[in-house]
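> Letter by letter, the chains look like this.
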Amino acid sequence: MEDTKSPGDDGLSAPHVLEYAYKRSLGPVLGRFFTSLRDGRIEGVRTRSGRVLVPPSEYDPENGEATTEDFVEVGPAGTVKSWAWVGAPRESHPLDHPFAFALIELDGADTALMHVVDSGDEAAMATGMRVIPRWADETVGRIQDIAAFIPEGRA
Amino acid sequence: MRDVAVIAYAQTPYVRTERVRNEVEMLMPIIDEVVKKAGIPRQEIGFTCSGSTDYLAGQSFSFVMAVDAVGAWPPIMESHVEMDGAWALYEAWIKIQCGEVDSALIFSFGRSSMGETAETMTLQTDPYTMAPLGPDAISMAALQARCGLDAGLFSERDMAEVAARNRRNALTNPEAQLAGEFDVEALLAAPYRVSPLRDHDCPPVTDGAAAMVIAAADVARDVSDKPVWIRGIDHRLDSHQLGSRDLTKSPSTRLAGERAGVSPGKIDIAELHAPFSHQEIILKNALGLDDDVRINPSGGALAANPIMSAGLARIGEASRQISGGAASRAVAHATSGPCLQQNLVCVLEG
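Protein chains in written order, with this note's numbering: chain A, 1 to 155; chain B, 1001 to 1350.
The shape of chain A in the complex, shown without the other chains (with noise of 0.2 Å):
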């Protein structure tokens, strides 16, 4: 409370934290997703129209329909479909050094996941290019089991 300011024209101000702790179940499909991705692997889903959806959901977005129990697995390497630079990294953002958030089209799927890229520089960056995972050291079945994306060749 030592922030507070005395009562004036801009009035009282004081530092409110805010946070809605809940825990949530993932179900069958993100929650084989993410078990998959604990062990190194990333799949998508079929749809009953045979598109290949990454990240996988329960239903096709399409159509509403619900998807297949047809698990493929994808990638590592992708494509970039598109990408955001981000000089100046935000406390919520995943890296502390320049990054791009980007869509990147896993190799055998039919949507984009969205992730960072770690390029160390917007002139690396490119729609197109091609990019691998670069795993976090532990794995635990979330999506930041994948640290973010490097181009390839660069590993």
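These are computed hints drawn from the structure, not numbers from a lab.
Do not take every clue at face value.
What the hints assert, rightly or not - Derived DSS-like pairs (lysine-lysine); straight-line CA-CA distance at most 30 Å:
| no. | chain 1 | residue 1 | chain 2 | residue 2 |
| --- | --- | --- | --- | --- |
| 1 | A | LYS81 | B | LYS1284 |
| 2 | B | LYS1226 | B | LYS1095 |
| 3 | A | LYS81 | B | LYS1249 |
| 4 | B | LYS1226 | B | LYS1266 |
| 5 | B | LYS1226 | B | LYS1037 |
| 6 | B | LYS1037 | B | LYS1095 |
Assemble chain B onto chain A, guided by the hints.
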């Protein structure tokens, strides 16, 4: 279908930081104003519906306190949506269509200044595959802008021209927050914020509130000389996974526009809720608006972006243009979610 009209609209001046007044104190003057303008005694308004979000207020059930601004005695029939006030309007319109009530008060409010708005918006994303990576509103919009630039749908110059036009339009709107003449060359010389977006492509952070009264035809004609008729209203949704969408298009806006009856018929003005410059171009294409349609005479969300009110404000601003005689038929649009995920389209006529 019952004919329903907007009969009154009011909003606070939009400011970067409302330091002194809390949400109830921001709302009280405009609710008082809109009820007086409507000419229906407050206790005779059949339904009250508000739009706001706990994530801005920093406490759960924060909307309950806002009811103080309406007065809870005598008891009222009241509802709330955790959405922009445009969706509170939609609920009220449905309530009137069902024949349960003949009039409704809609209001919405938010003080974005209390947090880091772009990061608050991360909470709208998928909590398993997206939110843990902290995608902020500006970075997600930048991903969308890059898709459009790569596809040759628009250029960075087109985006700067959208920003400059909106903020020039805002010069005639005394309630706008960010208005002025901006030189496109100078805007393009500025560094990127999150490339390919520059500061001018992004909305300001805004505190503000808005209120509206609508009524069914018999009541509307009784109390208003210039009711503004809601000829159609519809809202649609795209997938929450950015990577499963074609971000250069807005199919949900197109569908909502078709269902709301944007065409056939000449449109004089369009108030489009496009927080980011390139989104106005995507929306204009999705709605099939001709080049002679005046877009955002109010300055739009690039001139003031009060979270939870910016959509209702588009409908309010369009209704003011019609009741003021500057337009006879208008399209108003509201959006929610990253990269224009959810969209509401409303067609208004004098």
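> Please flag the earlier hints that this structure goes against, numbers listed from lowest up.
none
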